[in-house]
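**Student:** If you want the building blocks of each chain, they are given just below.
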Amino acid sequence: MSEPVASPEPTASHPDSTRTGPGRVLIAIYALFALSASARAGVQIVTKFSHAPVAYLLSAFAAVVYVIATVTFAVGSPTARRIALLSCSIELAGVLAVGTWSLADPATFPDATVWSGYGSGYGYVPLVLPVFGLLWLRRWNRRARTRRTIITSAGDAGEAADGSVDHRHQETSWRRSG
Amino acid sequence: MNGAVPTTIIVAGLVLAGYALLMTALNRRMSVILLAALGVLEILLLVEVGLIVAKLAGGERPAGLATLIGYLIAMPLVPVAAAFWGLMERSRWGPAVIAVAGLVAAVLMVRLHQIWPVIHV
Numbered sequence: 000m001s002e003p004v005a006s007p008e009p010t011a012s013h014p015d016s017t018r019t020g021p022g023r024v025l026i027a028i029y030a031l032f033a034l035s036a037s038a039r040a041g042v043q044i045v046t047k048f049s050h051a052p053v054a055y056l057l058s059a060f061a062a063v064v065y066v067i068a069t070v071t072f073a074v075g076s077p078t079a080r081r082i083a084l085l086s087c088s089i090e091l092a093g094v095l096a097v098g099t100w101s102l103a104d105p106a107t108f109p110d111a112t113v114w115s116g117y118g119s120g121y122g123y124v125p126l127v128l129p130v131f132g133l134l135w136l137r138r139w140n141r142r143a144r145t146r147r148t149i150i151t152s153a154g155d156a157g158e159a160a161d162g163s164v165d166h167r168h169q170e171t172s173w174r175r176s177g
Numbered sequence: 000m001n002g003a004v005p006t007t008i009i010v011a012g013l014v015l016a017g018y019a020l021l022m023t024a025l026n027r028r029m030s031v032i033l034l035a036a037l038g039v040l041e042i043l044l045l046v047e048v049g050l051i052v053a054k055l056a057g058g059e060r061p062a063g064l065a066t067l068i069g070y071l072i073a074m075p076l077v078p079v080a081a082a083f084w085g086l087m088e089r090s091r092w093g094p095a096v097i098a099v100a101g102l103v104a105a106v107l108m109v110r111l112h113q114i115w116p117v118i119h120v
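Taken in order, these protein sequences are the chains called F and H. Under numbering that gives the first Met the number 0, the first sequence has 170 at position 171, and the numbering climbs by one with no breaks. Under numbering that gives the first Met the number 0, the second sequence has 26 at position 27, and the numbering climbs by one with no breaks.
Here chain F stands alone, though its shape is the one from the complex:
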């Protein structure tokens, strides 16, 4: 019996990595934030660190998170995706925590960080970015799981038939929307 669904199909229209398709846009924005946050934090820490140490250290931390996200999305291996999942989660938690902190205690932030006011200084992109990152990763992890299920069920067609049909439907709909 042939099981045509399990082939990876790395064609142009179907993303074959977290680097392609919508991921291309995600990486472009992450790279932009990695660059600008690093440069900004670097200048602030070198020239006027004592003015707002907490804000500048948080900016530097945000910069590191953005660099990690850029690199891991660009690499796209299963390990990179796991690191990206962690860093996007930290990023989202960071935006929410620092955003709340900056509103509750403005005295600690005489100068803004990337994440102050939930990223209001950057059009709230810092708040939206990790959400899209996590959604993009979920799509990938679901796809990887689907492929594993199909490969397993291909050798064991009788028992796993129901499950694999269901998952196959999921992957087809994923492709159509991509």
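Bear in mind the hints are in silico, worked out from the structure with no lab data behind them. Where is the CB? At the ideal position from N, CA and C, for every residue including glycine. Just to be clear, a hint being listed does not mean it is correct.
Said to hold, decoys possible - Not everything, but these chain H residues come out facing chain F in the computed CB check (under 7 angstroms):
# : residue
1 : Ala-65
2 : Thr-66
3 : Trp-92
4 : Ala-95
Once you have looked at the hints, place chain H on chain F.
**Tutor:** What follows is chain H alone, placed relative to chain F:
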């Protein structure tokens, strides 16, 4: 300083972003038109860099000189990086990358004005 060039860059960036997003919505790939528009944006950005460098050479200094120099280096790289990154993508998401570059160019002009208010928008 004359604000005509930054204003033109903002308008051009937003128009480019709008057109590129339309191409994404219509499921089109990268096109020669998008590349040509990026080229125009690049020229405009280089003109703006030239104007600012001339002003610096004239002896005027902003408060955040380091930041300004960072912007002068990064600004002309935006359309170039977007062109390469967008061309690698053979789907509707190529134009979407170009849209990001257009928006970034517009935002950079506003930020430039904040860094050095003599750069009028």
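**Student:** Hold the hint about H:Trp-92 up to the distance rule: shortest CB distance to chain F must be less than 7 angstroms.
**Tutor:** This hint holds: H:Trp-92 lies near chain F, its Cβ roughly 5 angstroms from the closest one there, short of 7 angstroms.
**Student:** Would the hint on H:Thr-66 stand, with a C-beta cut-off of 7 angstroms toward chain F?
**Tutor:** holds, 6 angstroms
**Student:** Does the closest beta carbon of chain F sit nearer than 7 angstroms to the beta carbon of H:Ala-95?
**Tutor:** Because about 5 angstroms separates H:Ala-95 from the closest Cβ in chain F, which is inside the 7 angstroms limit, the hint holds.
**Student:** Close enough to count: is the Cβ of H:Ala-65 nearer than 7 angstroms to one in chain F?
**Tutor:** Check passed: Cβ of H:Ala-65 comes within 5 angstroms of chain F, closer than 7 angstroms.
Of the numbered hints listed earlier, not one is contradicted by the structure.
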